[in-house]
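Chains A and B, in that order, give the protein sequences. Position 282 of the first sequence, counting from 1, maps to 282 under UniProt numbering, and the rest follow consecutively. Position 73 of the second sequence, counting from 1, maps to 73 under UniProt numbering, and the rest follow consecutively.
Hints were generated in silico from the structure; no laboratory data involved. We treat Cβ as the ideally placed atom computed from N, Cα and C, and that holds for glycine. Treat each hint with caution, since some may be false.
Stated by the list, open to error - If you want the ones that stay clear, here's a sample from chain B, every Cβ over 12 Å from chain A, calculated:
hint, residue
1, W26
2, R32
3, A74
4, Y93
5, A159
6, V177
To be verified - Restraint ranges, calculated between C-beta atoms of paired labels, are given here:
hint, chain 1, residue 1, chain 2, residue 2, range
7, B, P123, A, W308, 56 to 64 Å
8, B, H28, A, Q302, 23 to 31 Å
9, B, G21, A, I325, 33 to 41 Å
10, A, H11, B, T13, 46 to 54 Å
11, B, P47, A, D301, 51 to 59 Å
12, B, H28, A, A116, 37 to 45 Å
13, A, P296, B, V36, 25 to 33 Å
14, B, V77, A, V21, 52 to 60 Å
Given next are the chains, with one letter for each unit.
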Amino acid sequence: MSPIALDIAIHLAKIALIFFVVLTLAAYLVFAERRILAWIQDRKGPNRVGPFGLLQPLADLIKLLTKEDFRPAGADKWLFYLAPAMAAIPAILTFAVIPFGAPLQLFGREVPLQVADLNVGLLFFLALSSIAVYGVALGGWASNSKYALLGSIRGLAQLISYELSMGLSLVPTVMLAGSLRLSDIVGAQEGIWFIVYQPLAFAIFLISIAAECKRIPFDIPEAEGELVAGFHTEYSGMRFGLFFVGEYINIIVLGGLATTFFLGGWHGPWLPPFAWFSVKTLAFAFFFIWMRGTLPRLRYDQLMHLGWKVLTPLALVNILVTGWILMLR
Amino acid sequence: MPRPSVATMPIITDFKAIATGLFVTWKHIFRRSVTVEYPEVKRTPAPRYRARIVLTRDPDGGERCVACYLCSAACPVDCISMEAAEDGNGRRYARWFRINFSRCIFCGLCAEACPTLAIQMTPDYEICERDIMELVYEKEDLLIDGCGKDPAYNFYRHAGIGVAQPRGAGEREEEPVDARGLMP
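One chain only, chain B, in its complex shape (with noise of 0.2 Å):
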């Protein structure tokens, strides 16, 4: 593009660009300001905010995560940590849980990839301390009383086969068939 010479210059349109311009900055110097102040004013987050994380229990107050480190799998940080274990009839769980906070990105995948609905997003964002050692959460901290988002969900009323009750006693499950019944 040849570059405009002084004569074609648009000096009349520039001007009044330049005008147009301040004119809208003039406005705006008295129009409300949108901040929101924070520590004073408090905005509630959208229901699924995506924030701390939880582990929650399944309505009949057991834990609902069984350690299958799908959720530590999933966590493109590498910030959820864990050691799978079994209790006497067969149900696993995790000996220890660890989400490292200062790490979590809060993307939400481990909520994603959780086949119990155990690990959840909750909408408190203010994880903030003065050590960062204190960001580390364990289990015991991660752990709430309640369901979450799911309550009526209990992982093991649909699977977790021969673990809470005998074969073909969960929900929308049918007796287990005999396959040497069938036998002509």
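Just chain A, with the same shape it has in the complex (with noise of 0.2 Å):
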């Protein structure tokens, strides 16, 4: 085989692997996530399908394909079609700049566990980041319904207050490892990770991720109870599932970020490298269904209150001390 159809074979075999064991553990994450939240309502949760309940994300699947794809008059064909996968395909997209594991010695080439070292990983993530919105923007807004636009309209208000300092948060991580490159930033934090030098970063990071992944205590755009279902009132069938998962991925995709901006990224002692990135990242995603387990929802004016008053300043304060201190040094 030569050496570019080789190259082409592996990247394929990488994008296969992403994808499969990404969306695999997006459905299996919604399980844990009704399991986890079982348990802490002491209740057992879905425990029939298959052994404690383990084939249920299978038995959504079916269920969710083989519902009525219903589309409500007066919507938007074609937005109200396309918005489901503009929100979950950025968010499987992120993943090809993360780090999962350590580069392998494959047929004598160094392979890195990444899809797609690019040098600019960082603003590749902020920027699809900021294209996922588009999604729930346009999907609420081509819904035709008062609800969905509310909750579209909150998405946006949501995005661009947590957008600002989620990108600062991370302006921090940058200057210490001096690159955008994600292989480089896990590279720096061989030693010692970024969450000691960078607590504050790290938790105004947090707090943006879990805007970013509308979960509880940010999950204004959907807050059923307020706007019935948000943005995604209006869908039905897997276009409602593709939203579901899509913010499942995105989960899994930011505690994935966050390891590799904070957390040393597959570095660890003992375990291998591909399981450090995993407990890592599913240590995230439990905090994240932990944290709706206990928190209500923030008010739509506490949030851009949180967003724009009190994480943009604290992380620019943050950029500045950091700075100052590398000057020093």
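Mind docking these for me? Both chains are given alone in their own frames, and the hints should help you get the complex.
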């Protein structure tokens, strides 16, 4: 096999692997969330389908695929049909830049466990996380429903309040690593993880990613009880499923990114690198579920207040202090 | 109420509150669940639980129901219907009696309204059918062979003038007074 063909084959294999693993994991995250929330609430959760309910995601998939794919009257057909994909695709696309393991020696060459080692990987992530909100905004807009529209407006308002602080909280990691390339950021954390140097940036990033994946306490765009289901009120069947699974892919991806930026990526003692990456990422997923079982939803203006008046100034001060210390060093 | 400014935002109290909340939910993860896994484990309902409705008989084996329509009138969802009839010796009964359990809300008002204690609630809550028409119970489905909650009670021993027994023969009933015999 020629080297180029081998290159392509390896890349395709990695893409297929990521698709399979991330989608399966997202489906099982839904299941895990239902079980853990149930435990938190002293219930048992879904335990009927298969042993311990482990086939529940499959049953859900079959259910969603066989449901009616309903389009409300007056909805914008193309936008309505495209929006779920616009929400789910950027989420899984972000995974392309995350290094999920140490480079492997395969066929006499070094294979990085990362689909694309972009030199602007961090910007790529920020760009995609902004694009992901188009799915929310356009889905709500195209639904021709007031609740969906309100949800998408809230989604946009939420985006502009957390996105800035999220981007700013990552600047110190870039300053420490001296690179926007994610593999370099992971490499810089071989000794000490950035969370030690940057606990404040980590806290800001954690709050921002909770808002980014629209989780309680920041599930304002889909606040059930206020907006029925927010931007995906009018969606049914697998289109709703795509929104839903996109959200869980987002949790995995953002957990992976938080791992990459602050928790040393795949670095760690004893366990193999891939296992470390999975453990850290799933710990974030668990934390989000745990948080959902604990906290109430913030009000619309409270999030704006938090984002603009607390997190953004804090992140800016953090950058200043980090820069100062780096300069003095 | 003025909005709290950033300077006075109770950040420490907030974080403490969030941590306390997280700790509480963490403890609950390991607590035993209170779920009763229904098809395998069945709870025994209280004896006075209100579920499937039955028509009972008096101790002599006769139908208690006198088709007075009070249950049907009391029913808030109009799920009880019947047709009254009278047998040879003047005793009223329901020619047909129908309860639509797909409508019934198991409120128990029919049982409360019943003057003869004929209609009663039972704790049998497993009423479930694939075909909704199966939930329409006719008289033969409703009538049971027992007396239900009041085994000794027989309406016609107390009332039902001249129907089951001659006048004055009922329990705690005095001989009819001959009004003309009181003439001076």
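Structure-based check of all given hints:
A beta-carbon of chain A is positioned within 12 Å of the beta-carbon of W26 (chain B); the least distance is around 7 Å. The beta carbon of R32 (chain B) sits about 8 Å from the closest Cβ of chain A, which is not more than 12 Å, so the claim that it is off the interface is violated. The Cβ of A74 (chain B) lies farther than 12 Å from every Cβ of chain A, with a closest approach of about 37 Å, so its non-interface assignment holds. The beta carbon of Y93 (chain B) is kept farther than 12 Å from every beta carbon of chain A, the shortest such distance being approximately 47 Å.
At roughly 52 Å, the least C-beta separation between A159 (chain B) and chain A is larger than 12 Å, which holds for a residue marked as non-interface. Every Cβ of chain A is farther than 12 Å from the Cβ of V177 (chain B); the closest lies at roughly 68 Å, confirming the non-interface assignment. Taking the beta carbon of each, P123 (chain B) and W308 (chain A) are about 59 Å apart, inside 56 to 64 Å as hinted. Between H28 (chain B) and Q302 (chain A) the beta carbon distance is about 26 Å. The supplied range of 23 to 31 Å therefore holds.
Separated by about 34 Å at the C-beta atoms, G21 (chain B) and I325 (chain A) satisfy the suggested range of 33 to 41 Å. A C-beta distance of roughly 51 Å is found between H11 (chain A) and T13 (chain B), which places it inside the suggested range of 46 to 54 Å. Between P47 (chain B) and D301 (chain A) the Cβ separation comes to about 54 Å, which falls inside the hinted range of 51 to 59 Å. Taking the beta carbon of each, H28 (chain B) and A116 (chain A) are about 42 Å apart, inside 37 to 45 Å as hinted.
Roughly 29 Å separates the CB atoms of P296 (chain A) and V36 (chain B), a value that falls within the hinted 25 to 33 Å. A beta carbon spacing of about 53 Å between V77 (chain B) and V21 (chain A) agrees with the range 52 to 60 Å that was offered as a hint.
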